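A.B. asks: Keeping the supplied structure of chain A fixed, place chain B with the ligand upon it in accordance with the hints.
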Amino acid sequence: PSPTITTPKPLYLSSPFVEAALVKGNFKTIVMLPKYVDIMEWVAVNIFDFYTNLNEFYGVIAECCNQQSCPKMSAGPALNYTWINQDRKSVHLAAPTYIDYVMTWVQNLLDDDNTFPTKAGHEFPPSFPSTVKHVYRQLLRVFAHIYHAHYHQILHLRSEPHFNSLFAHFLAFGREYELLEVKDVKGSSSAPVGVGQLWEAWRQMGILEG
Amino acid sequence: SFNVGALYKTTAGFSDDAVPRAKTAQLKLEHYYKVAVDSAIERNTRRVELERRLQTEATLSDERKQRQLQQLGKKESTYLRLRRTKLGLDDFRTVKVIGKGAFGEVRLVQKIDTGKIYAMKTLKKDEMLKKDQLAHVRAERDVLAESDSPWVVQLFYSFQDPSYLYLIMEFLPGGDLMTMLIKYDTFSEDVTRFYIAECVLAIEAVHKLGFIHRDIKPDNILIDKDGHIKLSDFGLSTGFQKKHDSSYYQRLLDPTHATTSPTTAAQAQRNSVMVNSINLTMSNKDQIATWKANRRKLAYSTVGTPDYIAPEIFLQKGYGKECDWWSLGAIMFECLVGYPPFCSDSTHETYQKIMQWPHYLLFPEDVHLSRESEDMIKRLITSADRRLPVEQIKKHPFFYGVDWDTIRRIDAPFVPHLRSITDTSYFPTDEIDQADEERAADSNEASKDLAFLGYTFKRTLGKRVRGPG
Ligand SMILES: Nc1ncnc2c1ncn2[C@@H]1O[C@H](COP(=O)(O)OP(=O)(O)OP(=O)(O)O)[C@@H](O)[C@H]1O
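Chains A and B are the protein sequences, given in the same order.
At position 189 of the first sequence the residue is numbered 189 (the numbering used here), and the sequence of numbers has no breaks.
At position 267 of the second sequence the residue is numbered 267 (the numbering used here), and the sequence of numbers has no breaks.
Calculated directly from the structure, the hints in this document are not laboratory data.
Incorrect hints may have been included.
[Stated by the list, open to error] Here are some chain B residues the structure puts well away from chain A; computed CB gaps all over 12 Å:
#1 Ala40
#2 Thr78
#3 Ala205
#4 Asp286
#5 Lys317
#6 Trp357
#7 Pro389
#8 Gly401
#9 Asp405
#10 Ile410
[Stated by the list, open to error] Computed beta-carbon distance windows for the label pairs:
#11 B/Gly320 with A/Met32: 42 to 48 Å
#12 B/Arg409 with A/Asp112: 45 to 51 Å
#13 A/Ser188 with B/Asp62: 49 to 55 Å
#14 B/Gln66 with A/Ile39: 14 to 20 Å
#15 A/Asp87 with B/Ala435: 25 to 31 Å
#16 B/Lys394 with A/Met32: 42 to 48 Å
#17 B/Glu57 with A/Asn108: 45 to 51 Å
#18 A/Asp112 with B/His417: 44 to 50 Å
#19 B/Leu418 with A/Asp113: 31 to 37 Å
#20 A/Arg137 with B/Leu418: 52 to 58 Å
[Said to hold, decoys possible] Covered stretches of chain A, as calculated for chain B (at least 3 residues, CB under 8 Å):
#21 47 to 58
#22 148 to 157
Small disclaimer: the values here were computed from a predicted structure and weren't measured.
Even for Gly, the Cβ is constructed at its ideal location relative to N, Cα and C.
Chain A on its own, in the form it takes in the complex (with noise of 0.2 Å):
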C-alpha cells in the first residue's frame, strides 16, 4: 500500500469529460501548413487565434480565479509555475497576477510590428521561431491552471467540449510545428503537470493524430 494520498482522479480526464469535443476527428485539416503558403503567416495567425479563444474563455472564468482562490500558479498537484522577473530571481505569483502578465505580454507581441508584422513588406524577424515558442509554452501553461484549478467551473458553465477542443487543437498544432516540449507538456516526474495525462489519454484516442 503506498503511504502517499492517492489524489482522486481529476475531472477531466474522468468519462464523459474527457471525450467531450466540440471538434469531431482529427485536427489534420486545419493545422497542415496548407500547400505554397508561408510557414510563418500559417504559425502566426494560429497563435493570433490560439490567444484570442483561450482569452475568451479565461475572460469568462476569471472572476473565479483570484488571490485567494489560486495564491499560486498551479498546474497539478504538486506544481506552481514560477515567474522570472527584472532581476531574472524566480518568483511565485497569484495566477490571475501571472496569467495577466501572460496575456498582456502576448497582446504586446501580437501588436508589435516587428515581431508580429501586418504591414505590407514587413518581414517577420529571425528571432520569429524562438519567440513564438516562448509564448507557445506561457500559453500551455495558463490551459494547464484552468484544467486543474477551473474545470468544475468549465463544466458548471457546460464549456468543457469547446474548451476540449481548443486545448487539443493546441497541442496538436504545437507537436506538428516543435512549438511544444514534451517535457513541458508532461513536467517532471515530481512535479507532473495535469495536462500531461490529458495529452496522453488524447493520444490514445487518436484524438492528436496529425
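C.D. replies: For chain B with the ligand alone, coordinates are given in the frame of chain A:
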C-alpha cells in the same frame, strides 16, 4: 462515480452574467471552427483548381507554372496576415468627402501602406442606436460581405472605434444615378433600357443571395469606371426569412408625426392641398426643377426619400422581394419623365400618394413615352401580386434586343472620363462639407460598443481568387 447535477450546483458562485458570457465564448468558438474548416476546404479547392488548370495549359513553361503556384501561395499568405491586422482610421488617408448619407458620410480614401484606393463609409453609432438601425447595418455588412457578385459593391474591411463604424468598400468613380439624373434631367429610352436592364440583373443577384434590398433608389445605384452599375447601401435590406418591423414606417405615415422634406416643411403644412393642385398644373419642366432643387437635400437627411418604396412595406402585412421591382418601376419612371411618380413637397404626402397609387400614377402629357415603356412601368408599379416576376420582366417587349448574358461587357452609354485613380469629378464634392468632423470619443462608450459586437470584418478570399492574376 459522482453526481453531475450536484456538481453543477455546488460550483455555482459565478456572477449573473457568467453563463451568458460563457455562451458567447462558446458561440464564438463554434463560429471559429466552422470558418476554420470552411476556409481550409476553400483554400484547398483554389489550389487544386489552379493546379488542374495549369496542367491543361500546354504552352506554359514549368517555370511559369511554378511561379503562378507561388503567387497563389503569396495571396493566401497575405490573406492570413490580413486576419491579424487591426485596421484603423490611421491606416487610411482621406482624399475627399464624396457622399453623404443618413448616418454619416462616404470618403475617397487611400490605404497608406499599399496606396490602394477605397471608398470609406462612416456610420455614427449613436445615430444608429437612436434610429434603431442596428439590425440594418449588420445586414448591410452581411450582404456586402457574402456577395461575390459583379452587381454588388465589394466590401473589403470593416472596423469600428467608440463612435463610428467604418466600411471600406471598392470605390466606384462614376458617381451615382441620382447625380447623373440631376445632370441630364431625363434619359432617352435606349439609355434607360441599359440602366434598367442592368438594375434588373443586379436586383436579381441580390435576391439570389437571399436578401431583399428594400431601399433601391438612384442614390444607391453606383457607376463603375466603365459606366456599368453596382448596387450599394444595404442599410435597409433584410434577409427573406426575417420579419419586418414596420413601426418605423407607421410612424412616418402618421400625419401627426409627419416628417417633411427639409426645405418645404413649413410651406407644406400650411396648405398641403394647394401645393398638390399647383403640382398638377405645373409643366414637366417646372416639376423637374422643383424636384431637383430638393433632391440632394433629401438624400442627406435622415428621413431619406420614400419616393421609391413599395406600398406594402408601409403596411403591417409583410412583403416579399417584389418590393424591389416596384422601386425599379419608380426609377424607370424617373429616368424617362425626370421625377419619380409620387414625388411631392413632403414625405408625408409622398406616402399618401404611394398608398393610393392607382390615383396618382400619372404619365405627364408633355413627355412622350413609348407604349412598351409605359406598360413596363405599369407592370412594376402595381399591386404586389400582379407585379411581374423577374423572368417575365426580362421577356417584356421594353427589353427587346437586350442580351442579358453579355450586357455587363458591352459599352455603357456614359463612360466616365477619369484623369486619375482619385478623380472625384463625378461627385458633388463642392456641395459637401469637406471639413473633418470632430472625432472626439466620449467616455461612456463601452456599453454602446456591446451592441456592435462582432461587427469587425475582414474579407475572406472566398471564391474571388480563382488563381493568380
Ligand atoms: N463605394 C462607393 N464608391 C463611390 N461612391 C460611393 C460609394 N458608396 C457610396 N458612395 C457615394 O456616397 C453616397 C451616399 O452613400 P450611401 O447611399 O451608401 O449612404 P447612406 O448613408 O447609406 O445613405 P442612405 O442610407 O440615406 O441611402 C452615394 O449616393 C454615392 O454617391
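A.B. asks: Indicate, hint by hint, whether the structure satisfies it.
C.D. replies: Here is how each hint holds up against the structure:
no. : hint                               : result
1   : Ala40                              : violated, 5 Å
2   : Thr78                              : violated, 8 Å
3   : Ala205                             : holds, 30 Å
4   : Asp286                             : holds, 55 Å
5   : Lys317                             : holds, 41 Å
6   : Trp357                             : holds, 52 Å
7   : Pro389                             : holds, 42 Å
8   : Gly401                             : holds, 47 Å
9   : Asp405                             : holds, 34 Å
10  : Ile410                             : holds, 36 Å
11  : B/Gly320 with A/Met32: 42 to 48 Å  : holds, 45 Å
12  : B/Arg409 with A/Asp112: 45 to 51 Å : holds, 47 Å
13  : A/Ser188 with B/Asp62: 49 to 55 Å  : holds, 53 Å
14  : B/Gln66 with A/Ile39: 14 to 20 Å   : holds, 18 Å
15  : A/Asp87 with B/Ala435: 25 to 31 Å  : violated, 54 Å
16  : B/Lys394 with A/Met32: 42 to 48 Å  : holds, 46 Å
17  : B/Glu57 with A/Asn108: 45 to 51 Å  : holds, 48 Å
18  : A/Asp112 with B/His417: 44 to 50 Å : holds, 46 Å
19  : B/Leu418 with A/Asp113: 31 to 37 Å : holds, 34 Å
20  : A/Arg137 with B/Leu418: 52 to 58 Å : holds, 55 Å
21  : 47 to 58                           : holds (count 5)
22  : 148 to 157                         : holds (count 5)
Violation of the numbered hints given earlier is confined to hints 1, 2, 15; the remaining hints are satisfied by the structure.
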